[in-house]
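Participant: Listed below, chain by chain, are the residues.
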Amino acid sequence: MADLLLELFSEEIPARMQAKAEADLKAALEKGLAEAGVEFERAVALSGPRRLAVCVEGLPAKSADVKEEKKGPKVGAPEKAVEGFLRGAGLTSIDEAEVRSDPKKGDFYVAVREVPGRPLQDIVAELVPEIVRGFHWPKSMRWGRGELRWVRPLQRVLCVFDGKVVDFEIDSLKSGNQTEGHRIMGRGPFEITSFEDYKRVLESDGCVVLSREDRRLLIDEQAHVTCLEKGLELVEDKGLLDEVTGLAEWPVVILGEMDPDFLTLPSEVIQLSMRTHQKYFAVRDPKTGDLAPNFVVVANIEAADGGEAIAAGNSRVLSARLDDARFFWDNDRKMPLEEMAKKLSTIDFKKELGTIADKVERVAALARELAPKVGAEPDVAERAARLAKADLVSGMVGEFPELQGVMGGYYAREQGEADAVATAIAEHYKPVGASDDVPSEPVSIAVALADKLDTLVGFWAIDEKPTGSKDPFALRRAALGVVRIILENEVRVGLQTTVIRPFARAGVRIVLQRAVERQDKIQELFDAGVLTENQANRLLLESIEQANQERDLALGDEAWAKTSVVIQDLLAFFADRLKQYLRDAGARHDLIDAVFALGEDDLVLIVKRVEALGAFLESDDGANLLAGYKRAANILKAEEKKDGKAYDGAPDPKLFEQEEERALAEAITESVAAAEAALQAEDFEKAMGALSSLRPPVDAFFDAVTVNAERPELRQNRLLILGSIRDALHRVADFSKVAA
Amino acid sequence: MTAPTAREKPASFQDLILRLQSYWAAQGCAILQPYDMEVGAGTLHPATVLRALGPKDWRAAYVQPSRRPADARYGENPNRLGHYYQFQVILKPNPANLQDLYLNSLYEIGIDPMVHDIRFVEDDWENPTVGAWGLGWEVWCDGMEVSQYTYFQQVGGLDVFPVSGELTYGLERLAMYVFGVDNVYNLPFNDPASEVPLSYGDVFLQNEREQSAFNFELADVDMLQTWFTGCESQSKALREAGKPLPAYDFALKASHVFNLIDARGAISPTERQAFIGRVRDLARGAAELWAKQEEERAA
Chain A
1 MADLLLELFS EEIPARMQAK AEADLKAALE KGLAEAGVEF ERAVALSGPR
51 RLAVCVEGLP AKSADVKEEK KGPKVGAPEK AVEGFLRGAG LTSIDEAEVR
101 SDPKKGDFYV AVREVPGRPL QDIVAELVPE IVRGFHWPKS MRWGRGELRW
151 VRPLQRVLCV FDGKVVDFEI DSLKSGNQTE GHRIMGRGPF EITSFEDYKR
201 VLESDGCVVL SREDRRLLID EQAHVTCLEK GLELVEDKGL LDEVTGLAEW
251 PVVILGEMDP DFLTLPSEVI QLSMRTHQKY FAVRDPKTGD LAPNFVVVAN
301 IEAADGGEAI AAGNSRVLSA RLDDARFFWD NDRKMPLEEM AKKLSTIDFK
351 KELGTIADKV ERVAALAREL APKVGAEPDV AERAARLAKA DLVSGMVGEF
401 PELQGVMGGY YAREQGEADA VATAIAEHYK PVGASDDVPS EPVSIAVALA
451 DKLDTLVGFW AIDEKPTGSK DPFALRRAAL GVVRIILENE VRVGLQTTVI
501 RPFARAGVRI VLQRAVERQD KIQELFDAGV LTENQANRLL LESIEQANQE
551 RDLALGDEAW AKTSVVIQDL LAFFADRLKQ YLRDAGARHD LIDAVFALGE
601 DDLVLIVKRV EALGAFLESD DGANLLAGYK RAANILKAEE KKDGKAYDGA
651 PDPKLFEQEE ERALAEAITE SVAAAEAALQ AEDFEKAMGA LSSLRPPVDA
701 FFDAVTVNAE RPELRQNRLL ILGSIRDALH RVADFSKVAA
Chain B
1 MTAPTAREKP ASFQDLILRL QSYWAAQGCA ILQPYDMEVG AGTLHPATVL
51 RALGPKDWRA AYVQPSRRPA DARYGENPNR LGHYYQFQVI LKPNPANLQD
101 LYLNSLYEIG IDPMVHDIRF VEDDWENPTV GAWGLGWEVW CDGMEVSQYT
151 YFQQVGGLDV FPVSGELTYG LERLAMYVFG VDNVYNLPFN DPASEVPLSY
201 GDVFLQNERE QSAFNFELAD VDMLQTWFTG CESQSKALRE AGKPLPAYDF
251 ALKASHVFNL IDARGAISPT ERQAFIGRVR DLARGAAELW AKQEEERAA
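Going line by line, the protein sequences match chains A and B. Take 1 as the starting number for the first sequence in my numbering and just add one per residue. Take 1 as the starting number for the second sequence in my numbering and just add one per residue.
Calculated directly from the structure, the hints in this document are not laboratory data. Certain hints may be false.
List of simulated lysine to any residue pairs, SDA-like, C-alpha gap at most 20 Å [what the hints assert, rightly or not]: (1) Lys20(A) with Val121(B); (2) Lys139(A) with Asp123(B); (3) Lys139(A) with Trp125(B); (4) Lys139(A) with Gly277(B); (5) Lys139(A) with Pro162(B); (6) Lys350(A) with Gln154(B); (7) Lys20(A) with Glu122(B); (8) Lys139(A) with Glu122(B).
Covered stretches of chain B, going by a simulated chain A footprint (3 or more residues, C-beta under 8 Å) [unchecked claim]: (9) 92-99; (10) 119-129; (11) 140-150; (12) 153-164.
Since the model is a prediction, treat every value here as computed from it, not as a measurement. For every residue, glycine included, the Cβ atom is placed at its ideal position computed from N, Cα and C.
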């Protein structure tokens with residue numbers, strides 16, 4: 001058994017690409033060896049700024065011998081068939097083939113070829129160039145006069161098996177047994193005979209910490225200790241830690257100082273300046289929790305002067321950066337947000353959807369409308385919405401786009417806006433990712449929802465929807481944001497009313513004017529309290545259907561049809577996000593579908609229903625009632641298809657012949673009434689409890705009654721009873737979607 | 001390989017430039033003089049952007065004044081200038097030891113590798129105006145970006161072969177670092193021990209003030225718009241006539257005129273995109289034609 005060591009030594013590999021390349025190289029080598037029929041004990045991979053390395057341990061000197069068999073024709077087959085077989089198998093005479101017997105087919109020929117194992121040297125010499133040439137980097141390049149592609153110029157290929165160089169050439173780069181260490185502290189080159197040797201030499205004379213994990217732990221520990229020694233605390237940043245792990249072969253943590261005057265800048269500005277431009281960690285004073293006038297930089301050298309020059313140099317660079325930031329901070333505060341907001345009319349939001357100023361108008365109106373539903377003052381919500389995008393033209397956001405919103409919040413506070421307004425401006429882009437929290441202040445909720453809904457409605461109106469993995473405008477994130485804001489704050493809005501209104505208001509041409517008027521009328525009645533939300537929703541849906549019918553009556557306007565399709569499509573998009581959200585929370589996929597099929601658009605109620613339905617189906621009564629429902633629904637499905645009509649409506653009590661029919665019908669009437677009352681009160685558990693009392697009469701009905709009676713009117717009446725079971729259960733969920 | 005060492009610090013800004021010039025001259029580069037047109041970056045000098053195209057080997061180094069009207073600050077910002085110098089090196093094809101050659105150039109201007117932290121941090125370079133991109137790094141010295149290091153992959157929208165290695169040194173910033181100066185205007189331009197010691201401010205401060213006023217207040221936008229159109233049609237006509245070098249000059253002129261209009265804040269983002277597109281068409285058109293002719297001349 002012997003070991004193989006491969007090292008691909010290049011110019012600096014981007015930090016973000018190293019870990020994946022390390023894993024990819026290991027996987028490619030493992031796969032290649034496996035395909036060549038080589039077994040090994042284990043493979044270990046390493047990576048850093050200038051190298052990818054893999055050691056495969058426990059390899060044989062050659063791959064296993066293999067017997068290849070090729071089945072031929074029956075003994076006594078026509079000569080042509082035998083000739084073909086000989087040619088295909090590379091045999092000269094049929095005597096070279098073996099004869100096998102099969103109890104069914106009789107005797108037949110088999111060509112057996114012994115393929116001897118290949119020396120591992122040969123396998124590796126073929127495999128490695130193939131892997132290097134086919135390696136996938138997110139971005140790769142050519143250099144010099146070569147055709148080879150790598151992430152940056154490849155300088156050396158070290159390939160040693162069992163102490164000896166495996167000879168090959170990749171585009172005039174010859175394999176060898178040499179590597180280099182740290183460019184300044186221990187360059188080498190060093191000759192390597194084994195993995196043990198490689199690690200020992202590079203980690204001592206070479207001054208390279210080879211393993212990512214070692215480097216990461218080393219930096220993390222040094223950084224904490226260095227801060228602790230000065231009575232300070234490191235501001236943890238996992239992403240940054242990963243990045244600097246890929247930027248140093250010999251990490252040395254240095255604590256730098258900065259002018260404390262800079263601490264008057266918003267902490268987000270300081271941290272972002274440190275992080276994005278300089279890759280420094282911020283440092284906190286543990287007593288106050290505020291930033292301290294220090295930073296942590298990870299250098300790649302143990303400097304001769306103990307790091308003094310490095311600390312001083314970095315401090316000077318940070319000062320220049322923060323000077324810039326302070327210039328923006330001072331300058332931006334000279335201009336009121338209203339003034340900044342005026343400039344938004346020169347920036348396109350999206351060509352077809354107007355400028356950002358246009359968007360602000362729409363968002364302000366929608367935020368105003370949403371305000372009462374979330375317990376916010378309409379005037380305050382509108383004010384926040386009008387100022388929310390102003391910071392996009394500020395110098396600071398120009399420099400640090402990540403601070404959009406956050407800076408607006410600061411500037412709003414500075415100019416004396418109400419707390420709620422400043423907070424809403426700062427938070428209205430939230431949540432920006434799955435781990436980000438959701439705004440919880442009423443005004444913030446109104447503006448955050450309005451902003452996202454306007455974006456979604458707008459992009460749907462111009463038919464720029466996410467496709468597959470492409471979502472350049474982060475619309476999925478926006479919709480999931482809406483879902484999370486609504487659910488985590490229990491905001492009671494119907495998406496139909498909320499989504500359709502912005503469509504009308506956006507003035508998107510595709511809305512048919514008449515239908516808009518009809519909707520406005522409905523909205524008016526709803527606003528005046530004449531219609532409940534459910535009624536309004538139903539009427540809106542009907543108005544869509546009506547518009548569709550009108551189109552069908554050859555009014556010739558396809559636009560409205562398109563709008564209604566768009567609205568339904570957007571609602572379905574929300575539904576998908578909600579499903580994703582609920583699935584992540586552990587809810588059953590089919591239950592979500594069952595509730596969605598009802599056409600409910602109040603997300604809070606949908607979730608409550610799904611929860612209640614889950615609990616109900618866990619119970620004995622629930623499970624049995626589901627079985628009864630399925631039986632009824634299956635019969636109905638078959639009979640309705642046969643008869644070409646639906647069995648909806650009340651059965652006729654006069655036609656009840658058996659006690660079980662009457663008992664079931666009465667039980668249905670009672671439990672439907674009880675369920676309806678509970679549904680009105682949004683008590684879904686109670687509603688389902690009411691329905692569970694149907695289990696005994698349903699079971700009894702199926703035990704005693706023959707549905708397909710000979711007398712047609714009896715059969716019809718019994719099908720109507722089944723129909724009313726279905727109808728009763730569909731009041732809480734579409735049970736046909738529930739998996740048995 | 002022996003441990004690298006640095007020379008003593010240069011005496012002045014110009015000494016730093018002279019050292020870079022003699023160092024790269026020793027590497028076989030033709031030391032060119034600045035291109036006599038306003039450009040926003042040293043890369044745009046035809047010695048880099050056009051010579052990177054075509055099959056012929058090439059090595060050159062030069063100082064190029066760069067004008068970025070929108071970056072001007074009336075001489076009041078210690079770090080930002082509307083007119084500054086870049087030192088540009090191009091080696092085609094890039095030698096295999098270009099990273100070492102580059103690091104040695106830093107040692108040559110007094111940066112001691114034993115006490116400073118020099119890093120190659122991913123930064124892929126792109127200049128859509130000339131349809132060029134490459135992979136490389138920002139080179140950091142103690143957290144300060146001192147150079148841009150790029151392996152050109154495409155220029156004028158065409159794959160380059162052979163590949164050029166391109167180095168850009170931001171001279172003022174680099175000098176501020178080497179001399180430990182916090183304000184660019186305090187840099188010693190010539191030897192402070194000389195008979196007439198001159199600071200960077202003595203040479204350029206008044207220029208920054210007046211040029212800033214021109215860039216932000218006095219530039220005549222209507223006139224510039226006319227110029228832009230004129231440059232555009234001249235460049236197109238030259239391209240039609242099969243003369244890519246002057247066609248490229250007029251693309252550069254158009255580009256600078258556009259930068260002036262832009263600094264005046266006279267165009268909306270939409271118009272801005274349109275202008276950029278027009279400049280790009282001119283520059284790319286000239287570059288493509290040049291590449292084609294170079295191939296023909298080499299054949």
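Participant: Could you run down the list of hints and mark each one as holding or not?
Facilitator: Hints, verified against the model:
About 18 Å separates the Cα atoms of Lys20(A) and Val121(B), which keeps this hinted pair within 20 Å; it holds. Using a Cα cut-off of 20 Å, the hinted pair Lys139(A) and Asp123(B) holds, with the two alpha carbons roughly 12 Å apart. The suggested pairing of Lys139(A) with Trp125(B) holds, with an alpha-carbon distance near 12 Å, which does not exceed 20 Å. Restraint check for Lys139(A) and Gly277(B): not satisfied, since their Cα atoms lie roughly 25 Å apart, outside the 20 Å limit.
Distance check on the hinted pair: Lys139(A) and Pro162(B) sit about 19 Å apart at the alpha-carbon level, within 20 Å; holds. For the suggested pair Lys350(A) and Gln154(B), the alpha carbons sit about 30 Å apart, so the restraint of at most 20 Å is broken. For the hint linking Lys20(A) to Glu122(B), the alpha-carbon distance of about 16 Å falls within 20 Å, and the restraint holds. About 11 Å separates the Cα atoms of Lys139(A) and Glu122(B), which keeps this hinted pair within 20 Å; it holds.
Interface restraint, the segment 92-99 of chain B with chain A: holds (5 residues with C-beta to C-beta distance below 8 Å; minimum three). With 5 residues having a beta carbon nearer than 8 Å to a beta carbon of chain A, the segment 119-129 of chain B meets the requirement of three or more and the stated coverage holds. For the segment 140-150 of chain B, the stated coverage by chain A is satisfied: 4 residues place a CB nearer than 8 Å to a CB of that chain, which reaches the threshold of 3. Closer than 8 Å: that is the beta-carbon criterion, and the segment 153-164 of chain B has 4 residues meeting it against chain A, so the requirement of 3 holds.
When each numbered hint is compared with the structure, violations occur for hints 4 and 6.
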